[in-house]
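Q: First to last, the protein sequences are chains A and B.
In terms of the numbering used here, the numbers along the first sequence are unbroken and rise by one, the last being 184.
In terms of the numbering used here, the numbers along the second sequence are unbroken and rise by one, the last being 192.
Do not rely on the hints blindly, as some may be mistaken.
25 angstroms max Cα-Cα, derived DMTMM-like pairs, lysine to aspartate or glutamate [stated by the list, open to error]:
1. Lys180(A) <-> Glu99(A)
2. Lys85(A) <-> Glu113(B)
3. Lys91(A) <-> Glu154(B)
4. Lys85(A) <-> Asp127(B)
5. Lys151(B) <-> Glu167(B)
6. Lys85(A) <-> Glu167(B)
7. Lys85(A) <-> Glu40(B)
8. Lys85(A) <-> Glu92(B)
9. Lys94(B) <-> Asp157(B)
10. Lys162(B) <-> Asp95(A)
11. Lys162(B) <-> Asp126(A)
12. Lys180(A) <-> Glu164(A)
13. Lys151(B) <-> Glu64(A)
14. Lys101(A) <-> Asp157(B)
15. Lys91(A) <-> Asp157(B)
16. Lys85(A) <-> Asp108(B)
Don't read these hints as lab results, they were simulated from the structure.
All figures in this text were calculated on a predicted structure; none of them were measured in a lab.
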Amino acid sequence: MQTNSEIGYNSKIEGDVVITQVDAALNWFRRNSLWPMPMGLACCAIELMASGASRFDISRFGSEVMRFSPRQSDVMIVAGTVTYKMALSVKRIYDQMAEPKRVIAMGACASTGGMYRSYAVLQGVDNIIPVDVYVAGCPPRPEALLDALVKLQDKVSRQPVIKELEISNMLRSKKDRGEKVGTT
Amino acid sequence: MSAIESAQKLKAQFGEILSEATEFRGELTVKLNDAEKITEVCVFAKKELGFDYLVDISSVDNYGEDPRWTVVYELSRLAGNVHLRLKTDVSEEKSELPTVTGVWRTADWHEREIYDMMGVRFRGHPDLRRILMWEGYPYFPLRKDFPLAGKPSEMPDVAFSKPAPLEGGPFVTVAGGKDSMAREPRVRNPEN
């Protein structure tokens, strides 16, 4: 319904109104621009590059902005074999990423160690950092990575942002008061 | 000058400490009996015989035998494409031999790799650090008595390692089986 009142909302000037929940709006912003941190460690990184190139075009899903600074990225794509020598560097870069942060384990090596049942290879990056989506394949095709990205977007859009904010504020104020904060 | 002529000249120069050249599938191998003389032999091979390129240095673990280590030098002369293999044995108690980094500078990383993987030291090497594993890793993983799955280790803030799950393995293929059933990989532990 239109209104002629001066102080009311004038849809002729300001456009139409969409009513939604704050959670849904925030998640909509977040899910469509997940900036990846490309942790390219082996041949999976080549497929990751292919995902970014014109044929597969990861920018259709809003993730074309590969950020080589962990401060600016939302999702770390662990693409390749994580050796023990690299493991703590991967963890350190993950720790440097700002919340909210997510991880895609791309390919068999990043997910489980793959064919490298070896003294030198970490048997799955989930031994050191939490993983949101695992991608099968050796290496996975770019479509598989894009599918993982879409799955991750679904996961992001189901996130109760306000509730999580309330909980983290509560925990922080508890901590400030000197109370013990347990995870149980 | 062909590889066989080069091997003969090497033998003429050093005499007793070198074996006669043996040929296998068109490749010549000369065995050096005294590992301490490796630098002199390599200097002669480069300066007088023109072996200007060191393709690789590798090492063999003859586990259960004495001497335990064999270090293998792959010499090459680019003019004429001549290839000569030089082998020398090193005992486990000693586990040390002179470096050839002064002869071919490319030996630097090859010798570091052998030190890292096999634990054989090269005396006089300018920078004998590990090259693949991290500094402080306590084992030499290419030795025959090192388990395939690896061993646990811990270096705070540098790296850690855990044994890999082998799911009933290690699965080992035996060459020369009569049929594919005999050749396919099966569980074979080194102890049985």
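Q: Sort out which numbered hints this structure fails and list those numbers smallest first.
A: 7, 8, 9, 13
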